[in-house]
Amino acid sequence: MSNEENLRGAAWMTVAMLGYVVNDAFVKKTVEDLALFQAVFIRGLMLVALISLIARARGDHRRIRMLRDRRVGARIGLEAVGTCFFLLGLSNLALADMTAVLQLVPLAITFAAARLLREQVDWIRVATVLAGLVGVLFVIKPGSEGSSPWFLAAFAVVVIVTIRELVTKKISAEIPSLVIALGTGLVITLMGGVVSIFEGWESIETKHLIYLATASGFLSVGYISSVNAVRVGDMSFTAPFRYSILLFAIILQIIVFGDIPDALSLIGSGIVGAAGLFSLTRERTVLATVRRG
Numbered sequence: 133m134s135n136e137e138n139l140r141g142a143a144w145m146t147v148a149m150l151g152y153v154v155n156d157a158f159v160k161k162t163v164e165d166l167a168l169f170q171a172v173f174i175r176g177l178m179l180v181a182l183i184s185l186i187a188r189a190r191g192d193h194r195r196i197r198m199l200r201d202r203r204v205g206a207r208i209g210l211e212a213v214g215t216c217f218f219l220l221g222l223s224n225l226a227l228a229d230m231t232a233v234l235q236l237v238p239l240a241i242t243f244a245a246a247r248l249l250r251e252q253v254d255w256i257r258v259a260t261v262l263a264g265l266v267g268v269l270f271v272i273k274p275g276s277e278g279s280s281p282w283f284l285a286a287f288a289v290v291v292i293v294t295i296r297e298l299v300t301k302k303i304s305a306e307i308p309s310l311v312i313a314l315g316t317g318l319v320i321t322l323m324g325g326v327v328s329i330f331e332g333w334e335s336i337e338t339k340h341l342i343y344l345a346t347a348s349g350f351l352s353v354g355y356i357s358s359v360n361a362v363r364v365g366d367m368s369f370t371a372p373f374r375y376s377i378l379l380f381a382i383i384l385q386i387i388v389f390g391d392i393p394d395a396l397s398l399i400g401s402g403i404v405g406a407a408g409l410f411s412l413t414r415e416r417t418v419l420a421t422v423r424r425g
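Here the sequence shown is numbered in the numbering used here, starting from 133 and rising by one per residue.
Treat the hints with caution; some may be incorrect.
[What the hints assert, rightly or not] SDA-like, lysine to any residue: derived pairs with alpha carbons at most 25 angstroms apart: (1) Lys-160 - Ile-342; (2) Lys-302 - Met-198; (3) Lys-273 - Asp-394; (4) Lys-301 - Arg-416; (5) Lys-301 - Ile-186; (6) Lys-161 - Ala-345; (7) Lys-273 - Gly-390; (8) Lys-301 - Arg-363; (9) Lys-160 - Val-327; (10) Lys-161 - Leu-139; (11) Lys-302 - Ala-246; (12) Lys-301 - Val-147.
The hints are simulated quantities; they were obtained by calculation from the structure and are not laboratory data.
The structure displayed is predicted, hence computed values, not measured ones.
Whenever a hint applies, use it, and build me the whole structure from the sequences.
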């Protein structure tokens, strides 16, 4: 990929992380009163409706049949399986420990891109990913209470997400990202609806619908932007920008929940931010040199 495409990919990835973390925040607020999969199902209905409207406005609804593409089907299947493992791990592990394991995703993607996609990954890109990982560990401070077999679920998510991104890279550019996002939303919504039958439902208030509508809007941004990020830029370059989700999470933690991060969290956030800025500055410098040359 060109340096300009990498910069666009980094922007898409950062927007995707913002979309995901805002979605998480509003879902977290909702499940204070509602059952988890009830919220997932209602949010999913709103998400599918929103993406369907956007797809129709753009004319992409005519390409819905492209969901039959085997790579698109594989990506959607991986998304569904990954979600199951994520919820399984999250239900049985401390949030900090689960999050710590998931921070291996950028590292796994970087090395997978180098080995399987033959992307040029120099030591600086690897160092940037590792620096981001160190920053994340400062923020989440994983516990040390001993190992648990449920960590296997967390590691399964790392593997599944890495494979999912490799599959996404191979999907034809003719298939709109909106179509892929719609297919993903349909499957996750169906899964949430089925599980919610066994979980039970709580009474819904207007505020819950507002929370979930907001969550669905930002989740649609996350879905579409994450697909675009993988398609546009080198996976090894955009990988460190996945850590930006920690920066957004801390900001929302302060604004929405009123929790002030400690000194280690602030130091870790600074490391993550510095790693991202370094990547952008380096790529822009290379791009400017190429344009002048």
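Can you name, in rising order, the numbers of the hints this structure does not satisfy?
10
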